[in-house]
Amino acid sequence: MATATDTPATPPPQHTIHILPAPFTHSPLTLLAQGAEALVYRTVFLTPHTPCVLKYRPPKPYRHPILDKRLTKARLLAEARVLVKCRKDGVTVPAVLGLDAENGWMVLEWVEGGSVRGVLDGWVAGGGRFEGVEAGNGVWGLMRRIGRAVGRVHDIGVCHGDLTTSNLMVRTGASAVRGESEGPQTQTQMQRPKRLTPSALREAAMTSDAPPVFELPPEEPPPPPSKAQSTSDLEGDIVLIDFGLATQTVQDEDRAVDLYVLERAFAATHPGAEALFQEVLRSYGESYKGGRSVLRKLEDVRLRGRKRSMLG
Amino acid sequence: MAAVRTFVLPHYPEYPIQIALFKDVTNAAFLRSQLLEANSDFDYAFIDASMILTPTHLLSPVFLSLHLHLTTRLKTRTPHSEIIFRLHPNNNIGESYRKFGISDTTTTLIAVRLSLTPDVTRESVAKHLGDVVEGTSVDVGERGEMLGEWGDVGLVRKVYKLGDGGGAKGKKGAKGVAIGGGVDERREMESVILGIMAIKGL
Numbered sequence: 001m002a003t004a005t006d007t008p009a010t011p012p013p014q015h016t017i018h019i020l021p022a023p024f025t026h027s028p029l030t031l032l033a034q035g036a037e038a039l040v041y042r043t044v045f046l047t048p049h050t051p052c053v054l055k056y057r058p059p060k061p062y063r064h065p066i067l068d069k070r071l072t073k074a075r076l077l078a079e080a081r082v083l084v085k086c087r088k089d090g091v092t093v094p095a096v097l098g099l100d101a102e103n104g105w106m107v108l109e110w111v112e113g114g115s116v117r118g119v120l121d122g123w124v125a126g127g128g129r130f131e132g133v134e135a136g137n138g139v140w141g142l143m144r145r146i147g148r149a150v151g152r153v154h155d156i157g158v159c160h161g162d163l164t165t166s167n168l169m170v171r172t173g174a175s176a177v178r179g180e181s182e183g184p185q186t187q188t189q190m191q192r193p194k195r196l197t198p199s200a201l202r203e204a205a206m207t208s209d210a211p212p213v214f215e216l217p218p219e220e221p222p223p224p225p226s227k228a229q230s231t232s233d234l235e236g237d238i239v240l241i242d243f244g245l246a247t248q249t250v251q252d253e254d255r256a257v258d259l260y261v262l263e264r265a266f267a268a269t270h271p272g273a274e275a276l277f278q279e280v281l282r283s284y285g286e287s288y289k290g291g292r293s294v295l296r297k298l299e300d301v302r303l304r305g306r307k308r309s310m311l312g
Numbered sequence: 001m002a003a004v005r006t007f008v009l010p011h012y013p014e015y016p017i018q019i020a021l022f023k024d025v026t027n028a029a030f031l032r033s034q035l036l037e038a039n040s041d042f043d044y045a046f047i048d049a050s051m052i053l054t055p056t057h058l059l060s061p062v063f064l065s066l067h068l069h070l071t072t073r074l075k076t077r078t079p080h081s082e083i084i085f086r087l088h089p090n091n092n093i094g095e096s097y098r099k100f101g102i103s104d105t106t107t108t109l110i111a112v113r114l115s116l117t118p119d120v121t122r123e124s125v126a127k128h129l130g131d132v133v134e135g136t137s138v139d140v141g142e143r144g145e146m147l148g149e150w151g152d153v154g155l156v157r158k159v160y161k162l163g164d165g166g167g168a169k170g171k172k173g174a175k176g177v178a179i180g181g182g183v184d185e186r187r188e189m190e191s192v193i194l195g196i197m198a199i200k201g202l
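So the sequences go chain by chain: A and B.
Under full-length UniProt numbering, the first residue of the first sequence carries the number 1, and numbering increases by one thereafter.
Under full-length UniProt numbering, the first residue of the second sequence carries the number 1, and numbering increases by one thereafter.
Careful, some of the hints might be misleading.
To be verified - If you want the footprint, here are the derived chain B segments under chain A, 3+ residues with CB under 8 Å:
no. : segment
1   : 9–22
2   : 54–61
3   : 64–77
Said to hold, decoys possible - Restricting the straight-line Cα-Cα distance to at most 25 Å, the calculated cross-link-like pairs of lysine-lysine (DSS-like) are:
no. : chain 1 : residue 1 : chain 2 : residue 2
4   : B       : Lys200    : A       : Lys73
5   : A       : Lys85     : B       : Lys200
6   : B       : Lys127    : B       : Lys23
7   : B       : Lys75     : A       : Lys73
8   : A       : Lys85     : B       : Lys23
Unchecked claim - On the chain B side, residues computed to face chain A include the following (Cβ under 7 Å):
no. : residue
9   : Ser191
10  : Val192
11  : Leu194
12  : Leu202
Note that these hints are calculated values from the structure, not bench results.
Every residue, glycine too, gets a C-beta built ideally from N, C-alpha and C.
Use the sequences and the hints to build the structure in full.
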């Protein structure tokens, strides 16, 4: 703590400039989202044609460096292990392409598409048509796929821990979007309200003196207007993202809390979407053997909230 | 002269990778003996091509090895041996060489050389490999398309313990997406394998 005397006891500035670890220090990256623990960038990996997501957990200056490193490493590794397990067992999650737990970064497969939150917002703005109940498409089909996707994750013994509509993505285009992605991007992963505009960040990234070592993908067009939110946006595989709080557990309690968190997210972002969530629960219950008992547990969780009782 | 392709990894543009592919190799035993003698002229990663599924399957350990070398965290003695070590899901260097490295019976061979110093160029590698490898040089293609051409899906599946594939995904039975056949099967396997390599030993 040699620098302790130099540092005034004031809160840090609003916009911390994060210096990324090697080898990304001089690479032009596009910031997609920032959370409390991690920064998420778009870049390319292994080949100049493979878009990917870089998730970086910067060191926390208020923690002891050794403890900080250990926590970062443990959390990043836990997330990567869960993702690899999911991928192995056939759950649609982004693949882990690269990892440096010591330095706090992980490279994930790029998922083309938008968050369920964005898709539902567009659906509401577009009139919110309840059609295709029997045919299993449209918004009902989407709800069913969400229920099945969550059910499958729980079935393999993983609880997401932060299941919100922003952490569910609808993959657009062909089933497996890996490698080449020529088309313009519609929406980016982990779209959140506080998101910064990509163009401003791109400029900031480009002003660094390092020569651009590869071409950035074309500028993303703004999210399509509500008119463009046709039913086609409601189709596509559900991909779960952000396993930063995921745990490997088979307890009904944890699974029910996952559903409860998702229910609250639905209620909070889409008033009137509670009817839709019933469809999620219905298909969840049918998706695997333990589903029914989780739904019963969910009744208990609803009464008391997310926090488990501290008895025993 | 052998056909050598130069690959530039994003984020490490200053260290190009030289990759060559040979089929009908007849002197694998000699090449292996040179590796065992640690002959400094044979500082390559010689990989049995039957164990490489896709170009990315090879580039990923190359990236990891280069990254660990530049941040001085290698587990093996050279960045080239690290490539072979990184390919294997376990932390056993000897086992990695037996599974992924050149063996006396190898007929299809991938040679990887990192240009860590300026004197290692595409020309120098092409000339040297052309002189020492007795086999037919195959152009790997601009994006390394040919690198997975000799990959043996069954062998790779076994090493990474990816179940027996197809409809019957081992004990998992009906649940989970059964990894289908064809190109998608390789891609799906590749995604899992990259993850396995990334988290190994940590």
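Comparing the hints with the structure gives:
no.	hint	in the structure
1	9–22	holds (count 5)
2	54–61	holds (count 4)
3	64–77	holds (count 5)
4	Lys200(B) x Lys73(A)	holds, 14 Å
5	Lys85(A) x Lys200(B)	holds, 13 Å
6	Lys127(B) x Lys23(B)	holds, 17 Å
7	Lys75(B) x Lys73(A)	holds, 18 Å
8	Lys85(A) x Lys23(B)	violated, 36 Å
9	Ser191	holds, 4 Å
10	Val192	holds, 5 Å
11	Leu194	holds, 5 Å
12	Leu202	holds, 5 Å
Comparing the model with each earlier hint shows a violation of hint 8 alone; every other hint is respected.
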